[in-house]
Amino acid sequence: MVQLVAALLVGVLMVLRLPALEPYASAALPVYVHLLVMGWATQMIFGVAYWMFPRPAPEHGVGHPSVGWICFATLNGGLLLRAAAEPAGAIHPTPLWGAVLLVAALLQLVAAVAFVALTWRRVAAR
Amino acid sequence: MPRVSMWLIRAAMVHLLSGALIGAAFLAWKAAGWFAFAPSHLGIHMEEMLVGWLVQLIMGVGFWILPRRPGAPASDGSGRMWIVFGLLNGGVLLAGLGAAPGWPGALALGGRLAECAAVGLFASLAWRRQRAYRATTGRVLV
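Chains as they are written, first to last, in our numbering: chain A, 1016 to 1141; chain B, 76 to 217.
One should not assume that every hint holds.
From chain A, some residues computed to sit far from chain B (all C-beta separations above 10 Å) [stated by the list, open to error]:
(1) L1024
(2) G1026
(3) L1028
(4) Y1065
(5) W1066
(6) H1079
(7) L1095
(8) H1107
(9) L1124
Using C-beta positions, here's what the derived DEER-type ranges look like [as the list claims (entries may be wrong)]:
(10) B:A201 x A:S1041: 33 to 43 Å
(11) A:R1070 x B:F110: 12 to 22 Å
(12) B:P145 x A:M1016: 33 to 43 Å
Please keep in mind that the hints were generated in silico from the structure rather than gathered at the bench. Each residue gets a CB set at the ideal place from its N, CA and C atoms; glycine is no exception.
Bound-form chain B, shown alone (with noise of 0.2 Å):
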């Protein structure tokens, strides 16, 4: 697995438990009323939960298993999927920011902005990996 996809996948964990939390709380809310700070909260969960756990990690696992070049190493891209990592998650901080109280509004527009390019630079590598299997298709996990 490429040390960014590693990245990607980890940071996606790292999203789903953060969203869950926050989630979680808002759920004690409804039920309970406790932690009053999560129904102003609930931009940054919902932006946690689908853009930095499953968009993600697809995309860290979709950098890793979808089929390379012939002979191509499984860093090939590597650089620019990291480009993707930061616009990724900076987005998903900067959007979850702009929806919480006490933050510009401005904020979500930029993060929503990144995520953008984020998804755009991941199709421009992606879209050419993705081919039918021929019968000389060889083994592409690493």
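Isolated chain A (complex conformation) (with noise of 0.2 Å):
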């Protein structure tokens, strides 16, 4: 809920153009869509799988809660290090700008995997 509210905060800076956020709001556009699409509509299904999908059998629970956590840290910590540093970087490419791009962009990819590893055997027919 969060990240869609930022998300939603963002398109309207985008759109006000205000001089003062000049050009940081015109180079938002990639973090806008990601704000939506990753931290709001795949953050949603990655909490409601986790939650309702089948338990392979009631001993086992939902999987291991650790890989949950380091799945919503690293899918948030992403998020919020693109946020910063893909329009920083586009405005003023710098080393440091480029180095937090690519935490950010490791980071997404870990909490897909982590997401994956969770919850794969617990999409089983019956």
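Hints given; two lone chains; assemble the complex.
In structure tokens form, the structure reads like this:
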């Protein structure tokens, strides 16, 4: 929900084009899209799937909670770093912003891998 | 969960991994100039994340959990859902390839048409399964 509100606020700022926020607002389109698609829709799916997908056996529970927390932390951390580094790096390309963007890319990839590792066995026909 | 739902959801997860990998490569290209192929494969990334992942997962879960006619088996309509599975994944593949360099652009059109057909077929299956709760509505998740 926080990511959804953040995405919508970024969307508003992109339309307002306040002089104080230019040129960052104009460079924020990828951030806006990823906050909506990954931060809101995909994260909502991750959360609901972790809760409601079938459990192979009662003793199996919902899988390793630590992997779930890794997924949560890497997805949100990756998106946060991306939200800062992608527009900033597009306007002022520096090695620092480049390094932050690389970390953001890695974190988001780790989140996807963690979700699949956590969920794959729970998706089974009966 | 019907078998076709299982494969729709698992295929969605494969698209999530593949799409995230291309997306990460694209960010690495932006950040450091690595993976020079990534910008030309942005179309595949978008197709996989939006249609292959989000749309396919929603279809798989929808076919599983939407209310069925009283007494209908969990596999009711599975035959047509397998066609949806084939059309959607074939469509994502063709649309993605059509957007990549070196492949004919007509593939993208064919892919998008296959995706439209998959969505139309899914809608025809799901439409009548969307109804309001009644006092007699029983447990439907099997």
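query: Taking 10 Å as the cut and beta carbons as the points, is W1066 of chain A off the interface with chain B?
result: 12 Å, holds
Any Cβ of chain B at or closer than 10 Å to G1026 of chain A, or is the non-interface label fine? The claim stands: G1026 of chain A keeps its Cβ more than 10 Å from every Cβ of chain B (closest is about 18 Å).
Please verify that the nearest CB of chain B lies beyond 10 Å from Y1065 of chain A's CB. 13 Å, holds
Is it correct that the beta-carbon of L1028 of chain A has no partner in chain B closer than or equal to 10 Å?
-> Holds, since 21 Å exceeds 10 Å.
Determine whether the Cβ-Cβ distance between P145 of chain B and M1016 of chain A falls within the hinted range of 33 to 43 Å.
36 Å, holds
>> Does the beta carbon distance between R1070 of chain A and F110 of chain B stay inside 12 to 22 Å, or does it fall outside?
In response: 38 Å, violated
Checklist line | 10 Å cut-off, C-beta based - H1079 of chain A kept clear of every residue in chain B | finding: 17 Å, holds
Is it correct that the beta-carbon of L1095 of chain A has no partner in chain B closer than or equal to 10 Å? The assertion about L1095 of chain A holds, with a minimum of 14 Å to chain B.
**Cβ separation check - H1107 of chain A to all of chain B, threshold 10 Å** = 13 Å, holds
message = Beyond 10 Å on every Cβ pair: is that true for L1124 of chain A relative to chain B?
response = The claim breaks: L1124 of chain A does not keep its Cβ more than 10 Å from every Cβ of chain B (closest is about 4 Å).
Just to be sure I understand the hint, the distance between the Cβ atoms of A201 of chain B and S1041 of chain A should be within 33 to 43 Å; is that true here? At 40 Å between Cβs, range holds.
Checklist line | Least C-beta distance from L1024 of chain A to chain B larger than 10 Å | finding: At roughly 22 Å from the nearest Cβ of chain B, L1024 of chain A sits farther out than 10 Å, so the non-interface label holds.
In this structure, the hints that do not hold are numbers 9, 11, in rising order.
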